[in-house]
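K.L.:
Listed below, chain by chain, are the residues.
Number of protein chains: 4
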Amino acid sequence: METSDWTDRIRTFAEEREWQQFHTPKNLAMALSVEASELVEIFQWLTPEESAAIMSTDRGQAVRDEVADVMTYLLRFADVLDIDLDAAMAAKTASSAKRYTVEHSKGSAAKR
Amino acid sequence: METSDWTDRIRTFAEEREWQQFHTPKNLAMALSVEASELVEIFQWLTPEESAAIMSTDRGQAVRDEVADVMTYLLRFADVLDIDLDAAMAAKTASSAKRYTVEHSKGSAAKR
Amino acid sequence: METSDWTDRIRTFAEEREWQQFHTPKNLAMALSVEASELVEIFQWLTPEESAAIMSTDRGQAVRDEVADVMTYLLRFADVLDIDLDAAMAAKTASSAKRYTVEHSKGSAAKR
Amino acid sequence: METSDWTDRIRTFAEEREWQQFHTPKNLAMALSVEASELVEIFQWLTPEESAAIMSTDRGQAVRDEVADVMTYLLRFADVLDIDLDAAMAAKTASSAKRYTVEHSKGSAAKR
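Residue numbers (the UniProt record's numbering), protein chains in the order written: chain A, 1 to 112; chain B, 1 to 112; chain C, 1 to 112; chain D, 1 to 112.
Hints in this document: simulated from the structure, not taken from any laboratory. Since we're looking at a predicted model, the values are computed, not measured. Be aware that a few hints might be false.
Quick partial rundown of chain C residues pointing at chain B, CB under 10 Å, derived from the structure [stated by the list, open to error]:
{"#": "1", "residue": "Lys26"}
{"#": "2", "residue": "Ser33"}
{"#": "3", "residue": "Val34"}
{"#": "4", "residue": "Val40"}
{"#": "5", "residue": "Glu41"}
{"#": "6", "residue": "Gln44"}
{"#": "7", "residue": "Ala52"}
{"#": "8", "residue": "Ser56"}
{"#": "9", "residue": "Ala91"}
A few chain C residues that don't get close to chain B, going by computed Cβ distances all over 12 Å [stated by the list, open to error]:
{"#": "10", "residue": "Pro48"}
{"#": "11", "residue": "Ile54"}
{"#": "12", "residue": "Leu81"}
Computed spacing ranges between beta-carbons, pair by pair [stated by the list, open to error]:
{"#": "13", "chain 1": "D", "residue 1": "Ala53", "chain 2": "B", "residue 2": "Glu103", "range": "36 to 42 Å"}
{"#": "14", "chain 1": "C", "residue 1": "Thr47", "chain 2": "D", "residue 2": "Ser4", "range": "27 to 33 Å"}
{"#": "15", "chain 1": "D", "residue 1": "Glu16", "chain 2": "C", "residue 2": "Arg9", "range": "31 to 37 Å"}
{"#": "16", "chain 1": "C", "residue 1": "Arg59", "chain 2": "A", "residue 2": "Glu2", "range": "35 to 41 Å"}
{"#": "17", "chain 1": "D", "residue 1": "Gln61", "chain 2": "A", "residue 2": "Asp84", "range": "38 to 44 Å"}
{"#": "18", "chain 1": "D", "residue 1": "Arg11", "chain 2": "C", "residue 2": "Ala53", "range": "53 to 59 Å"}
{"#": "19", "chain 1": "A", "residue 1": "Glu103", "chain 2": "C", "residue 2": "Ala53", "range": "55 to 61 Å"}
All residues carry an ideal CB built from backbone N, CA and C; glycine is no exception.
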């Protein structure tokens, strides 16, 4: 997926509806977290094994929809604040590689 | 940004550290929502105006980092469940266009 | 409100339905955060002024319901882990009073 | 725990620091969800069994602190909007008893 294609479509969608007034970074961060929680809700009572098999259940489409909702608000948020996603990913990945070296983090989920 | 490039790098990063055992869909959904909330935390006491100016403050880099964290877990989640992001975005966008017609939703944030 | 009265009722409600199997601390923390996000959803597109007037709108009852949902999962979580709420509140309040002295925090929302 | 005792103390704490300006319902809902997510973060990579044993690990005090943080913002939110917690709990419990009858919900976490 090329994110810039979707960023443009989402911006047009918002502008056609005059939603810029609602799309402050603060409100978009809220909406993003609300959509992420709707994804969590699907999994909250499932065992790890049930969670791994979710796509072959009748909740599979809901999972796809929530993923798209999170992506939509994430792209819109980054667009409104003019954040370069590739640069942000590159910086964060470099920093994570230093904090979570293979040597120290192999098989461990401990925060560093 | 081409998401598949990052999906591959994130998968390799996880595999090198033997993190597949932690990366159940359930756990990744939790991690995604936790990162989205870290973005919310930056904005929680700000006025709408202050939130719009965040990138020119000393919190700008934290915003970029949290955006990358949310993207990382979103791509990892979609990878683990083999979700086609383009297809998910296309389906959701089509459905939103029907639910939120320009006629009914112009200037209104009401849920439909 | 005396929380112990509700803790007992919520426990009985769960046991009658044999929900103890679902009520791991992990799952209850997820459910708590999902309910908190449902409260956030009500406010996500509102101005600060609109948010202050919410109880006199047709969303007022939804706010009351979500507050009760968050309280229910918070009490259930504390019950399952045998957490003494009064002691937890006392410890946290004492620590906050030291971190956020009136001298340093008057009129400032800065995290310390 | 008698919630009204804590509601009063939390209100005084906020007023002494002139934090009423930050404590809009919208901002408090955000803060509540952020604290709930900090609780989720503690559990995100744990197995159900590890999550049940959390209080006897070095993360036990962090769990207590986060529970107190969620309770603090929940009480503050209810105070600012003048929500009667006992009444809200009574209404919600009655409604849940109807939706989740023992007959239909025994041993099932399905949403109704």
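K.L.:
A separate judgement is required for each hint: does it hold in the structure or not?
P.N.:
Tested hints:
Evaluation of the C:Lys26 hint against chain B yields a held restraint, the C-beta minimum of about 8 Å falling below 10 Å. For C:Ser33, the interface hint holds, since its Cβ comes within 10 Å of a Cβ in chain B; the closest pair sits about 7 Å apart. The restraint placing C:Val34 at the interface with chain B holds, with a minimum CB-CB distance near 9 Å, inside the 10 Å limit. Checking C:Val40 against chain B: minimum C-beta separation of about 8 Å stays under 10 Å; hint holds.
Annotation: interface hint on C:Glu41 holds; nearest CB of chain B at approximately 9 Å, less than 10 Å. The beta carbon of C:Gln44 comes within 8 Å of a beta carbon in chain B, closer than 10 Å, and the hint placing it at the interface holds. At about 14 Å, the closest approach between the beta carbon of C:Ala52 and any beta carbon in chain B exceeds 10 Å, and the interface hint on this residue is violated. A least Cβ separation of about 18 Å between C:Ser56 and chain B goes past the 10 Å threshold, and the interface hint is therefore violated.
Hint status for C:Ala91: violated, given a least beta-carbon distance of 22 Å to chain B, over 10 Å. With a closest Cβ-Cβ approach of about 7 Å to chain B, C:Pro48 is found to fall inside the 12 Å limit, against its non-interface label. With 12 Å as the threshold on Cβ separation, the claim that C:Ile54 sits away from chain B holds: the shortest Cβ distance comes to roughly 14 Å. The non-interface label for C:Leu81 is consistent with chain B: the shortest C-beta to C-beta separation is roughly 18 Å, beyond 12 Å.
A beta carbon spacing of about 56 Å between D:Ala53 and B:Glu103 contradicts the range 36 to 42 Å that was offered as a hint. As the Cβ distance of C:Thr47 to D:Ser4 is approximately 30 Å, the hint placing it in 27 to 33 Å holds. For the hinted restraint 31 to 37 Å between D:Glu16 and C:Arg9, the CB-CB distance of approximately 35 Å keeps it satisfied. Between C:Arg59 and A:Glu2 the Cβ separation comes to about 39 Å, which falls inside the hinted range of 35 to 41 Å.
At about 40 Å, the CB distance of D:Gln61 to A:Asp84 agrees with the hint of 38 to 44 Å. Remark: the range hint 53 to 59 Å for D:Arg11 to C:Ala53 is contradicted by a beta-carbon distance near 20 Å. Look at A:Glu103 against C:Ala53: about 56 Å separates their beta carbons, and that is inside 55 to 61 Å.
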